[in-house]
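Participant: If you want the building blocks of each chain, they are given just below.
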Amino acid sequence: MDYFIANYDRIALATARHFEICALSVALALLIGIPLGIVAAKVRPLAFAILGTVSVIYTIPTLAMFGLMIPLLGLGFVPAIAAIVLYSLLPLVQNAYTGIVNVPPHMKEAARGLGMSEGQILWRVELPLSLPVISAGVRTAVVNAVGMGTLASLIGAGGLGDLIFRGISTVSLVVVLAGSIPVIVMAVLADMALRVLELRAGRRADSRTAGSAP
Amino acid sequence: MSETAIKFRSVTKRFDGTELPAVDRLDLDVHQGETVALIGASGCGKTTTLKMINRLIDPTDGAIMVAGRDVRSVPILELRRSLGYVIQQVGLFPHMTVAANIAVVPQLLGWDRKRIAARVDELLALVHLPPEQYRGRRPAELSGGQQQRVGVARALAADPPILLMDEPFGALDPITRASLQNEVLDIQRKLRKAIVIVTHDMEEAIRLGDRIVVMEQGRIAQAGTPADLLLKPATPFIASLLGEDRAIKLLQTMKVASLMQAGGEMTDGAPGIGRDATLHEALGVFLSSGAPGLTVTDEDGKAVAMLARDGLFRLQSAHR
Amino acid sequence: MSLGQYLDIFGGMILDLLVKHILLFLVALAGAALAGILAGVAVYRLRAARFIVPVMNVLQATPEIVLLALCIPFLGIGYVGAIVPLFIKGILPVMQNTLSGLRSVEPGLKEAARGMGMSERQTLFRVELINAAPVIIAGIRVSAIMLVSVITLTAYIGVESLGTLILQGIARMDANALLVGSGLSAGLAIIVNQIMILLEKTAMRLAGRSR
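Residue numbers (this note's numbering), protein chains in the order written: chain A, 216 to 429; chain B, 365 to 684; chain C, 3 to 213.
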């Protein structure tokens, strides 16, 4: 435990860095993924291509993803972010798609009959109704990102992985813990916080099924 | 003569992949203040016809005029916001309160908040849902009948002159259905909209319609007042739609005042009947009392005329 | 050197690592699937087993590498050190889906079965599990993909797998190693995914369901 106190600055730095990487990646993934999901839902011919591509990306092992980024983007922050963003797309795209596609058609008919434009229908009816499903996707994406963030250190991006890997190579449990505990705490806190948001989004998330992506 | 709210001129709709048109050269006028019921078997084109008014479906041929303007010449959103639309599944937005649902079109039109709030309360009162109780509720907390009342309120929010209803009460139990039909009659009495209602329930059409339009394979098989149809159904199919008891149904559409005779023999002790009661109610009194004649009274209870039982039974032959 | 030369020279080693990866994968998957189904059934049927769920939720949110790292002091490096974390990570999707699948079986089916005189166990095996099968297999699929991925990480604790190539690539900035290691493991994951999807569809047909 002395280690924690002695090195709290290093731990804090690594944690901050880790958070930075994950937050940025998730933010980017949201900006890209949700519009993609909406497009897939609205432009049906594209749905297969979009969902298919995103699914394939998701099945690629995380380490392999980082590995593939290196020849393309080198080492450091950028390839790490790129890999995590790519990996976070599926839960967001898939859930945005599913949410919108599952809005009852008669609700869309009523909205159209009232005189809402397609854009207004999307913004005021379809997206609000999809919020629970999308929240579930965001939760998955965030927890994934926190996990993947530990590997980011392998390609020089920093983060708590630095501590974990150093702990492994020096066979020092304390160092491993110093890196692991913040990660676990971050992941669990994020998971709990987002579950609460999901509940608030009006419907109970089905937390009992692991993803059955296409 | 009230102005024509909706005009169909030789309107045809052909869907891809089917030979026969869903709607075939339809001509139809709907006047302001009247309720027109579109009725027919599944696939006769009644719903397609309705949906061409607010352009959820566009005609292949012909023109539809709303308030004198071709529906295609008006920007589509403006058109829809000027028409009230009620569907069977109601389609209330579950994530919005009752008030927010009703406020949708006024908000789209840019009304200010105070005006909208006042209007919401006004409409809730109109459909007999006390505003203080129902304003903040969510659709999921309401029964089917209450939901559809809100649906009607929502359709009327921007005070459109025309109300379109697509089998609005089909999903409700008979008791609730009757109650909501009364609401519509009540609203029509107060507001005098032009209402087009699609239904497959002949009783509903007779109750609500000032005119009934029976459709078959995209064309009008018969159009007229309920009495017209009940007295002279144009085809055996329409006769069967009206039911074996159409002679009795006819009595429901006629008032005592139309058959009474002023100054006839006033039998002492004859049971009374109001002049505004239907002949159907009069029949009930004849059957339960056995009297050959009834005293007809006005709103104050004063005897003004007589209703003869024979006259009631000779009704059909008198019209042939 | 070019990719072609790389493959020529190291082809044997690459194949060896691939085979080791697949073998480890199969062992881990079989174990995790079995344990996952048992755990799922246990939570479904026994009130006492309910405590497993929140524990599993925390474990699921824990990144794989962390789990691997934390097990080293207790289990050492190498296969043994790897197999336990792999197990833990692999069980959860299967358990969750088993539970969810069993819970979503139409009550009418269970009632009919009991009404016909089936015992608890018979109902479980012949009705409930069969109907839950598609969802369970979906869970196994998620688990499988995760395992292919986690196994690459076990290279860090001395297990020989395709991950070894990737790590070499990173350490030496060797594009060939990176491409081959990443490419093969990605390819393996995709193939496994497709096979599992086929199994899922077959199970759905057998259970008499349409999607």
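Hints are computed from structural coordinates only; laboratory data are not their basis. Mixed in with the good hints there might be a few duds.
Here's a subset of chain C near chain A, in silico, CB distances under 8 angstroms, partners left out [as the list claims (entries may be wrong)]: (1) S4; (2) A63; (3) L180; (4) I192.
Cβ coordinates follow ideal geometry from the N, Cα and C atoms, glycine included.
Participant: Please go over all the hints and tell whether each is borne out by the structure.
Facilitator: Status of the hints after comparison with the structure:
| no. | hint | verdict |
| --- | --- | --- |
| 1 | S4 | violated (14 angstroms) |
| 2 | A63 | holds (4 angstroms) |
| 3 | L180 | holds (5 angstroms) |
| 4 | I192 | holds (5 angstroms) |
In the structure shown, a violation is registered for the earlier hint numbered 1 alone.
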